[in-house]
Amino acid sequence: MQVSSAINKQSVALRDKVELAVSNVGTLVLGKESQIRMALTCLFSQGHLLIEDLPGMGKTTLAHGLAQVLGLSFQRVQFTSDMLPADIVGVSIFDQSTSAFRFHPGPVFTQMLLADEINRTTPKTQSALLEAMEERQVTLDGQTHPLPEPFFVIATQNPNTQFGTFPLPESQLDRFLMRIELGYPAPEAERQLLTEGHSRSRRSPLPVCIDQDDLGAIRAECQAVRVSSSLIDYLQRLVQYTREAPQFAYGVSPRGSLALLQCARTWAYMHGRDYVVPEDLQALLEPVVGHRLRAAEQVGGHGSEALIRQMLEQVDVVG
Amino acid sequence: MKAAYQLTRPALLWQLLMVVAVLLPHSLRLPWWLPLMTLGALGWRLWVHLGRTSFPHWSVKFMMAVTAGIGVIASIGRGNGPELAVALLFAGFSLKLLEIYKRRDALVLIYVAYFLAATELLFGQTLLHALYVALLIVLITAALNAVYQSERHPDFWRPLRASVRLALPALPLMVVLFVLMPRIGPIWYAPLAQEEARTGLSDTLSPGDVSRLTGSSEIVFRAEFDNGRSPPPSSLYWRGLTYDLFDGRRWEAEGRRTLSQSAQPLPPEPGALLRYRITQEPSGRSWVYALDYPVSAPWPLRLLANQTLRAPARIRQRVDFSLASRLSASSYQPLSAAQRERYLALPEQGNARAREMALSWRAQDSSTEALVARALALYAREFRYTLTPERLGDDSIDDFLFDTREGFCGHFASSLTFLLRAAGVPARIVGGYLGGEWNPYESYLVVRQFEAHAWTEVWYEGRGWVRVDPTAAVAPERIEQSAEQLLASQPGFLADTPLSPVRFGHIGWITTLRLRADALNFVWHRWVLSYQLRQGELLQKLFGDLALWKLALALLIPFSVVLGWVALGLLRQRRPRTKNPVDAALLRLSSKFERRGLGRRPGEPVGTYAQRVALARPDLAPMIGTVARLYVQLRYAEDAGPALQRAYLAAVRACLRQL
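Line order of the protein sequences matches chains A and B. If you're matching positions, the first sequence starts at 1 in the numbering used here and goes up one per residue. If you're matching positions, the second sequence starts at 320 in the numbering used here and goes up one per residue.
So that you can see chain B by itself, here it is in the shape it has in the complex:
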């Protein structure tokens, strides 16, 4: 390598291409001026490449580096470790462009590019991210190849071809390593930037809230059932949290304070358990959704007194839990006096007409069953389900019950809970999701934001909490069908995401495509991102008991196969095998002789070779002489004839036998 080696044109172009590809995904996250600076540096370097200008003076470069460093620190702040580090790297990487002139500079740039490509995975680990990083590695390797390309015959596409040829044999090795290598827990952890507040259920509920959620088709969680089938839609009540405190306008969720004691796990009772696995998307909240009613909490979750599950911290990345629920009923634990008081509490004032009606109902028949039946009958008779109801005034329950008489689950759950409490029956609102879309390709259920739902739970003495869904009385189709089908005709549905593929559910192939894409994403998560959860089980299944020697063998064999294959390819490249049977027979003969130190040298004609062999092995002289004579006749005199060829092949065989 010469010291003053200058980059060839393809090498430089590959470098620039690599820089653009590496920086492209990062540039969306960084301060806006950084990508601009990169573009500037790129432009400058191209300009130098075209001979229009020269490299900047060292003082200019120094100034730019200092300015960029200060700028990055100022605009990102020192709190966000990884972002800051990546941004600084990014800035340096861009400015380094103005220095690539010699091979050594190019190598620095390439090695940093590998690192930057890897940091991409800090910010996202979807299938798309992984594919992009794989592409980047091929590209960067192409740039590396281009740097070492011969100066005499530079070619633009050759480095890429070489890079792909290098990457392909690595692929099976990667798979083997991924599957077999034991996982070590993370030794390094950096908190990433806070996820911005996401849509989703919140810890307060005012009747209008749920309609806000129907504007979004974002995925909340996915559920796989151990038996591979989805339960009937009418039992897909995904319970998230309960609301108990009403201030006249909004309901507040039961906090940690009132739920400090965990619930007893449900005793094993008749009624089959439904086992399933929830993969919840990051929500920024700590509650975990489970079907009515979860029986126990796997570590690290807690089962609270209101039969909901709670994670120890806010959920900021996809999490997986194995849960079990019993669809039939909750367990019966008598209410304490404090609990009873809480579930009966109402504001001192307001909504007088509703209170009055509740009291009049109670006067006629004070049994809980009768009160509930009466309220549901009222809803079924007089009310209308819509996502865009009229606005409610200060006495929201009164307005809803006596004036507007239209609304959706939030309105119904809220008013029913109010009425029951006013009539002296403990009640609370449960927030969660209802339904879900079944993905037939990977057999799981997807629950999206627009499936958000609120319903009421009523305390029956002697039976415990019983789910009463007033929406079912008004719009039974909401429970029986998917939310999507019901809501599609409503104006507010998916208002936030006009281009959401869910919107085009009536077009068959779009739905198919969407379900397929989601299935792929899910499989990616299950088998790649959270593979470590399944590794032990899978390896157990593959190899029985996990003996170390088996694991070592399983790692070694594919490695030897791939390396052997690569080596064979290299050997073949050196000496291409001929297809001609005449030549092939000769090569076979020669390779047999080679073991006795009598192999044919490449530049040795067959006649000369035969003479040499005849001198060394007089016993073989006549035979090898015949072979040579017939070979020359076949190959050069072109006395081609099947008989001649047969005679030749027979002579070769005779010679081989003699050996």
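Just chain A, with the same shape it has in the complex:
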């Protein structure tokens, strides 16, 4: 009893830290609490995050804030069309004093990497980053250089209908655990932004709320979140629906359903539950599954809101 209450006390403290982190980032990105929670869920689930929105919506600010409250080393790469893979992963240079090649690590060697406007660069450079994301290591000239732990990538992208972009192919979109959109701020939030503009720029960096030990503990707690068989039933019905209904070009892969379940665990944890409920799956369906689906009629693009809405409406929660 005492042991369990001690554990409970510890986990309550941990959850408080998470709430603090959310509210701290919230002072930076106004009125976007759910997006902040979503981003944290993604990071706690050890996945990479893709933020898709128009320029100037606060994508970079969000990434900055997250890095600060988590106390992670932060690098930012602005992707351009003339970038080369070496600009990200680093390069080996011949050192005349030692008569040997020396590896100069690129910006990817950091704990949190903000890859800004990832769809601006060429597929070759995109794939170099995505490879590092998947393997969590960089191999150059036969030498393997592990990336630091933890390693998060937050990539931002303009909607690919814009001019001069290289849309990510499905296989690479799949590397991102979640894709979220920020959207325009609410009028009050925007008003606050406009009136406090000056003081905001002078603000000191956010305090670290969650250190690396906390991060490990949070991940362990997320793993302990229970998943009942009826929830698995619902998840399977959702997935099956995408595979059978004719409006889907293809269904969700097993990797996709695993990702959904993993995120749902974290999401349940963040909402103070030790079990997953269908609402968790429903909340995460669009960010986790949306970028993995494509409508049968629509050849290009990944506009999947309608598909997700259909899944939410058609698939019975109670089975």
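Quick caveat, the hints were computed from the structure, so don't treat them as lab data.
Rough simulated footprint, nothing fancy, chain A against chain B, three-plus residues with beta-carbon under 8 Å:
id, stretch
1, 902 to 912
2, 921 to 932
3, 948 to 957
Don't be surprised by glycine CBs; every beta carbon is placed ideally from N, CA and C.
Start from chain A and add chain B according to the hints.
Only chain B this time, still in chain A's reference frame:
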């Protein structure tokens, strides 16, 4: 439906399968080259399917169609309406194979296939035919299903399963319609091809004829007795026709000329009437078999002066008659002078020794009784019964009586009639059948060709015609036992049908199987093919007086039941019921709310739903909140416990009560 829709592989295979199945029974009746042509077309279509060749050019198809049409007309002739029509349909159907490419072509083929399957019943209506046509309908429907199968997931077996699922609910409806629908007489009639000459009694009798019949186990007729029992074997003399004119070698049947006047129906005399029902197989003859002696003729039969029954036309299909016979004796009507002369007539010459013997007998004792007794005593003493006697010469009666002294019923009846006529006693031969095999499963008697028999009728002054069976004197076992038992040892028995199941009568299970199969066939005939004869009676029994509303109700109720059942099945398919009591209670609650416009939508989690209900019905808010909370605990937190579940179910009940 896209215009240029192409058939999927399973659809095409089902089509080909359907074509083979539909054509298989027809192909036995059609000119030999037609099935070959079909096979060719099938092969061609398969070859196209495999991508080895292409569809024929339209000119080739046109040539083939014209050639096939001319060929069919030339080889069948225009006289046989239905055969010709079916053959033309058959030819077109086969050639159409070379055109099935799009859905529309396939549909044409399928609809014609339904029609062709139905024409099968023009040529036979046995149980086997019916079963085969039912199978065809399932197959054709499977082909139809296959055509409409989704292109994305073609599957070979699914169309068949769907077809069976469609056919099963139709089955009870079919039975109801069959039983209840009033029958309308045929509005259309086409004469089918003449049945080929069948074995059976003919209108001439030479002594050897009957042995020819013992080679066959074909069924002549079946008889059911109203009292459900068979009369003793010694009275099972089935009378068909009488022979009166002898030319020295063969006897000729009494024709219409001499029998033009019908007999008076027998007056009701003492001696119980035996009532029974005869189901006669097609014989190509007009006589109808009846037990000695039929008392009256049901319509359309006629009772002739020689106490035999005659149909108005040759019997070309199974017919049913209800008859009555009196086993005791015929009525007495004095012979006219012309009749007496006819029944005494003998050829001018020949068979001198027989005449001589008859005259010498008459000189000793001229009474009919004594003459008959003497002849029978002679047969019993000196003669032998065999199916394979020696051939007789020109004076056949003499040869038989004095030399060979062996033979069977034809020989005995013929020689006895000759002797009696020579001695001045009117006599005639009666042709028919003796005995029959009792089928215990459906209680009827089967009479087969090998039970053919001939006996003599002798005119006794004051008594009338009396049956005298000389065979009984020689081989009493022929009368007392079944023909099968007696004949089995004879070499000529069933010579024509070496594999006839009757042959294996000594093996018990084969006999059982044979009797069962025959019983089934008979029941099929009685209750299905000639059901219209019994319908009125049966309906009367079922519903009392036949009010129209009762009939309508009896038709309507099964229809609604079956349709309701199908509809229910469809509904169930849409929303499968759960077995879980927790979910079931929730669904019950939700369906109650649905009537108030507050049903749960499929994608709505229970918590969200509860909030929505609570907003609409604040009075129920705490209760529905409890339900939702407990539901989530039970189903997702897996805090399973009987107490929790009880609490949940109680909350649901409380909620339902509140409503």
